[in-house]
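Position chain B against the provided structure of chain A, taking the given hints into account.
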Amino acid sequence: MPATQDKSNSPVGREMKRIDGPLKVTGNATYTSDHNFPGMLYAVPVGATIANGTITKLDTTDAEKMPGVKGIFHRANIGKLFRVAPNSDFNAFSDEDRPPFEDDVIRYYGQYVAVAVAETFEQATAAAQAVKVAYSEKKPNVEKQLTADTKVKVESERGDAQKAFDAATIKLDATYVTPAETHNVIELHSSVAVFDGTAFTLYETTQGVVNHRNVLCQVLGVEPEQVKVISKFLGSGFGSKITPWPQSAVAAALARKLRKPIKIVISRKMAFHAAGHRPRTQQRVRISADSNGKLTSLQHDYLNHTSLLDDYKENCGECTKYLYSCPNLRITTALSRRHIGTPTSMRGPGAVPGLFATESALDELAIKLKMDPLQLRLLNEPQKDEDLNIPFASRHLIECYKTGADKFGWSKRDPKIGSMKRDGLTLGWGMAGAAWIAERFPAEATVELRNDGTAKVATGTQDIGTGTYTVLAQILADKVGLSIDKCEVVLGDSSLPPGPLSGGSMATASLIPAVSKAAEKAIGTLLNAAIKTPGAKYFGVDQKDMKYTEGRVHKKDEPASAGLSFQQVLDSGNFKFILGKGSSPSTFGGKPESSKHSYGAHFVEVTWQEEIARLRVSRVVTVIDAGKIINPKAGRNQIEGAVVMGIGMALFEHTNYEPTKGAPLNSNLADYILAVNADVPNLEVHFLEYENKDLNEYGARGIGEIGLAGFAAATANAVHHATGIRIRELPIRIEDLLADV
Amino acid sequence: MKLFAYEKTSDVSDAIKKTSNSDTAQQGAKIRFVAGGTTLLDLMKLSVETPDSLVDINRLPLDKIETTSDGGLKIGALVRNSDLANHPYVKSHFPVLSEALLSGASAQLRNMATTGGNLLQRTRCVYFRDTAYACNKREPGSGCPAIEGENRTLAILGTSDSCIATNPSDMNVALTALEATIVINGPGGERAVAIDDFYTLPGSTPHIENVLKPGDLITHVLVKAMPAGSKSVYLKLRDRASYEFALASAAVIVQVDAGKVSRARIALGGVGTKPWRAIEAEKSITGSAATPENFRKAAEEALRNAKPQSQNKFKIELSKRCLSHALKLATTS
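Sequences listed follow chains A and B, in order. Heads up, the first sequence stops at 753 in the numbering used here, and the numbers go up one at a time, no gaps. Heads up, the second sequence stops at 338 in the numbering used here, and the numbers go up one at a time, no gaps.
With the rest of the complex left out, here is chain A (with noise of 0.2 Å):
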């Protein structure tokens, strides 16, 4: 049952601002950290100074007898915790699978080896840098040339790759790397734990409220009735929340141990230690071409660090297998393991890395043949996915390339290299595609219509800061048909319906039709009750002759201003509120009848001044293919932030890790370099609006995430039109630009 008749009023599609903000800019909103409770102490983890090797000693006795302090808890002393069970859903799953303080071995820098617990954080702080632990150190390996540590696994093969390429004229070999990165959210990971002798309560910053309990019931041993998650705002994620860090199950523990509230805020530096990261790549792609730019052949052989503890895959390889029309395609992957903490998404796994590689080769290849990179890249659309060798939902991939080209002034380039000027700077102009996967997590929700006039919907997900808030509550009022200030959103609680988490691009795709359908599921038995109710205006008719329109209730055969607002219903019946529920499946698992992805395309200008060294993002029109936008205000800003990660990508970020002691070195935002309001420039984002109804009656997919797909590519293929050196290894540095002086 369309919910409104008259689609012009409803509130999908506009431009909204944030329902939430002036929460956050009041600094009403409650995050993580903000929770405070009688009698809470403060936790601070001590981590191990070493990278590889074992604890010898931990003397405590110093740290114990300071002020404050209420004890320093280890492996001997903080209680029994579990690893979580192997599972292949997406609602209890952990990237660090084991738990806090399991053994006495150290397998990365910052390791958590002990905590120290006081009456302030301060006092915890000290004490915690008064423990002393002792190690039998051995050397650690965070060698950044990466070997396979584990089998070589055949991701995807079509046709004949190798012979294919061994034929060509025309062929590129090259091995493309990305650094470890660290998400440096601005809000810290951080975890409240309350136990009240049966149940816990965990306030954390998380971007699956669902997971995290199912993870921290598994790790503390108990029911899952006996612990709720709570994560009302969150200050991003990046995918660094997406699975739990030691210091939630430390939090909770202590907690338990103590029977006192505990807070843990880790610090900045710690972030780099034991909170995920994206881990380093190594990609050799070899790609061929007739003389007519056909592709002829395409390998992508890729590897990813990962920790001794656990197998994180970066699936570099997800668009590859896709994104152009090749008849030889191979794909492999492999581990190669370091001593340094267990990897975890960060935005655009996979993809993100995976496509500097190949739409960097695409441009080399494009030099080679002497075409225009566009152009090649319009010759190899695929009709199909040959991967699945299924039909694409939606694609529009050549209206991005041509959009965007437009938009730039593509059709203006001089292809000589160094040759286009401005204002006595070098400008250098590239391009690249991106993708990224369009899918939905299973999801459930309910909405009430209430006597007082408003709606709500409520749902085990979380607002991880891009608009979930809004958006649901512009879904609501359309499914609804009020406006947009009489619905409430409820969410960050696991004890809710259980949502989808913010990850993958994922959640307003896959909250639809659970919201859709519980609004459905309320409005009818909100029809039911008007006819039910004796006495009642409507008592007696037949619900097939009633109708609902935009807060309404009357008969179909009469305007709807003749009949009752569902609040004179719920009055006449003496009904509180009337609610519906709604769940949708997942979209993973089995074989999918179409090939569902979002697309994109980058155009990016730079500015080298060569005489002194100085390189500079200058301008990026974006065109992105995901579906109906429900708000463009919101999504526009997705795109706008993922962009500005792209700089920050392709010129400045790495995660160091030291050799000696395998430490993170610029573990601290001075020394961590991330792009910062002066090097944005002016952002131009296009959205195509293909409504494809695969995944959810609007039409809409993910957006987030396929901001930064390719966009590093495009800038390194930027950096070589206007210098001539091509950077196969992020960030670009002007190091790598002096290298030939």
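It is worth saying that the hints were derived from the structure and are not from the lab.
Some chain B residues judged to face chain A by a derived CB distance under 10 Å, without partners named: (1) 138; (2) 243; (3) 244; (4) 320; (5) 327; (6) 329.
Pulled a few chain A residues facing chain B out of the computed Cβ check, cut under 10 Å: (7) 660; (8) 670; (9) 687.
Derived pair list, reagent style DSSO-like, types lysine-lysine, alpha-carbon separation capped at 27 Å: (10) A:144 x B:35; (11) A:82 x A:69; (12) B:50 x A:82; (13) A:281 x B:7; (14) B:7 x A:77; (15) B:35 x A:77; (16) A:92 x A:144; (17) A:533 x A:544; (18) A:82 x B:7; (19) A:77 x B:50; (20) A:382 x A:433; (21) B:50 x A:144; (22) A:382 x A:414.
These figures come from a predicted structure and were not determined experimentally. We put the CB at the ideal spot given by N, CA and C, even for glycine.
Then chain B, alone, in the frame of chain A:
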């Protein structure tokens, strides 16, 4: 962070008396002055500095910017970076100083940081700031892992086998080109030290960074007027566009008469263990035609004795380009 005593003073002689038993301005001092605290408090949180007590000098009457009768400046040690940078007379008559200050740190830090504190700004060498590592500057004799380690941003001029830490300040580079004088009050009375003599090279004692003795308090910085017709430029090169220390910077003050450089004062930042006065470059360019070739020649002279490490060879070329371009900007503006 170690517990420490804290006291305030509003009198210069009292401040000196309170600290006369401690190397107030050298690594590991047991008593330290604190003003803006933008370096010191960070280092205390990192346990790099562990003083027993802090003497807060924010109330001393040293927060004025005065112009002298000959057109120079007398800058109180407690003048905040943002006040100095935005002072109308500084902007009009000492643009190189204003530009240098505004290129450093962030607005929030500049609002706190003081002139005296900035003179004593500590290095950003990652090993100095992390007590898990050896560092001759922090713990004399413990070794220097930077020489074989992470040294991309470290010094190429004035280094020793003990230390290659860069002086990170921007302000000090401009003050060095301006040939500023540091006025110091101490137990032995008041004295004035030329800025180039104020900083010591690391040699075998990198924990000693300047000539300050126990009880010494910087009270003022004196700057003479730039000669009439002088042009100045501060140029800073770094990875990102803002909020980052210099990989290379240059402060230049030049006079050009009939196409020839008649006077030049040049200092380099981001490359030296102290703010680096480039006397050789000044000599090279003085009397020469103001041409790109001669600017490059001067820059070659400035970096002739540069000693690169494993990761920072590029800084030699970068510093040369920085200086050449700064000279070009100053002579064509």
